[in-house]
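Peer 1: So the protein lines, in turn, are chains A and B. According to this note's numbering, the first sequence is numbered sequentially starting from 2. According to this note's numbering, the second sequence is numbered sequentially starting from 29.
Hints listed in this document are in silico derivations from the structure and should not be mistaken for laboratory results. It is possible that some hints are incorrect.
Claimed, not checked - Partial chain B-side listing against chain A, Cβ under 10 angstroms, derived:
1) Met244
2) Lys246
3) Glu402
4) Glu409
What the hints assert, rightly or not - Here are the in silico distance ranges between beta carbons for each label pair:
5) B:Asp354 - A:Ile67: 23 to 29 angstroms
6) A:Lys84 - B:Glu445: 49 to 55 angstroms
7) A:Thr22 - B:Asp354: 34 to 40 angstroms
All C-beta atoms in this analysis are idealised placements derived from N, C-alpha and C, irrespective of residue type, glycine included.
Each chain is listed here by its residues.
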Amino acid sequence: MKQLSIFVENKFGRAYSIIDTLSANNINISALSIADTSEYGIMRLIVDDCEKAKAILKENGIMVKITDVLAIPMGNTPGELSKLLKIFTDSMISVEYMYAFVSKKNDGAVLVTKTNDTENSISALKKMGISPLNHEDLF
Amino acid sequence: MWNEKIETMPRAELKKLQSERLVKQVKRMYEKVPCFKERMDNLGLKPEDINGVDDLHKLPFSYKSDLRDNYPYGLFATDMSEIVRVHASSGTTGKQIVVGYTENDLEVWQDCVARMFTELGADKNSFVQISFGYGLFTGGLGAHGGAQKIGATVIPTSTGNTKRQIQTMIDFGTTVLCSTPSYALYLAEEIEAMGVKDKLKLKIGIFGAEPWTDDMRKTIENKLNIKAYDIYGLSEIMGPGVACECKAQDGMHIWEDNFIPEIIDPETGEVLPEGATGELVFTTLTKEGFPLIRYRTRDICSLNYEKCSCGRTHVRMNKPSGRSDDMLIIRGVNVFPSQIEEVLLKVSGENITPNYQIIVDRVNNNDTLDVNVEMSEAMFENEIISIEKTEKQITAMLRSTLGIGAKVHLVNPKSIERSEGKAKRVIDKRKI
């Protein structure tokens, strides 16, 4: 799954101007998370058209990168996230960051995460019968 | 007076002494310093063409870049076996500049500083606390030598640890304080906060190494109940003690038996008439180890040749009002934007310097240095931790290059304001 990572200075109106740029160009945002420090943050987005969004943001002087993350389908019921994290913990995999959203298309929840070892994460998931989602699965 | 004969020497006599010394100095440097000889030769000048002070204007200028180009010892005019000490200060780029002193140079230096202490009322009964930095910086050891020369009790506290500085002032009975003016003000505020002003015996403050205002002087004088005096010096010429105020507080006497000052137009290099404001240029007359002819200080000021009410005949310079280059003085330390540029080039990960802006301010009487750096593709990573790493790396490199701390802020590309396509590199908000 492709994710947009955007550098956000901690300045009044900054988040709005980024989101407004995307909205003006008809980009649909499925999920969003912000990691912040006192000086700046990184905004992470899952959008329908990554490449277009990147080009637009870049044009507007916004620092942006596309990164690969894992998008893992899970049921929208209690205990589902716990089950997923147990798989990682049992395989000695650490989570660097994660956020989740509910998708209309697969009719359930999606966990977006970056771990310290992507390959091992995928094989651990597959062993438990779970396949990470591709961009096409969601949009 | 420490040296009444010299300090009150009639100007005609002083000029004669300067002329004799200049002729000798030029001859010696022509023989010993290849860079100087080359410049003389290029102008078709021989040492014999210089017969006194009136010929000074014919001589070539020397520049800070000469110190870098001849680093470390290329401009020294004696054998290294004669050099007993070196000092260093920041150059225009990462490399520091080095100056050297013979035994006699140190004697002359101590004599100049001794004159300074004596004219301000210090003597062998004084307790002189030196809160200038000791080390390669000339401030600490320079002031130290002169204080020792007059037989005062020297308290070499160097910089930092404010509470201990104040405790030392109280316990050791400090009567004379030497520091940067901003640190003096900081000390004064701490003393006020601690409520120990009555326990101080302080009478005289000697402050230099950075620009300060008359308002600052009054505040320091009122808060500490002392007289505050301004001094001027630069490592290239000697260090602290090149010039100093007397009790009249009306300009700093330049010790003209050792240094000839000139005021020039920084654009054309023409010598300006008496009293005009321009760039200060120094020629050292007695320096053996590291002499300089017509050194461009880049400080902008004027000279006053009138006899002073204190009886001294030596010319007085006014407080420098600015610089003819882009050097900043932050917490007493010389900082060139080019030094910061060099650091940023190293961390950018690309072959171009990221766009940056330097913001200098004075908060609670302490200089602050902030550096905004526009992020480049190579510097931006998906993880907070790697951005923080970049930020920390820049901060650490700036500290080691500049010798002072700077606060680094990573900002969006193209977010630093540009005027006519070129970014304004330095914003100095201090009101000096």
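Peer 1: State for each hint whether it applies.
Peer 2: Hint check results:
A least Cβ separation of about 32 angstroms between methionine 244 of chain B and chain A goes past the 10 angstroms threshold, and the interface hint is therefore violated. Taking 10 angstroms as the C-beta cut-off, the interface hint given for lysine 246 of chain B is violated, the closest approach to chain A being about 38 angstroms. At a threshold of 10 angstroms, the smallest CB-CB gap from glutamate 402 of chain B to chain A is about 9 angstroms, leaving the interface hint in force. With 10 angstroms as the threshold, the beta carbon of glutamate 409 of chain B comes within range of chain A, its nearest partner Cβ sitting at about 8 angstroms, so the hint holds.
Range check, aspartate 354 of chain B to isoleucine 67 of chain A: about 40 angstroms between beta-carbon atoms, so the 23 to 29 angstroms window is missed. A hinted range of 49 to 55 angstroms for the beta carbons of lysine 84 of chain A and glutamate 445 of chain B is consistent with their spacing of about 52 angstroms. The hinted range of 34 to 40 angstroms is satisfied by threonine 22 of chain A and aspartate 354 of chain B, whose Cβ atoms lie roughly 36 angstroms apart.
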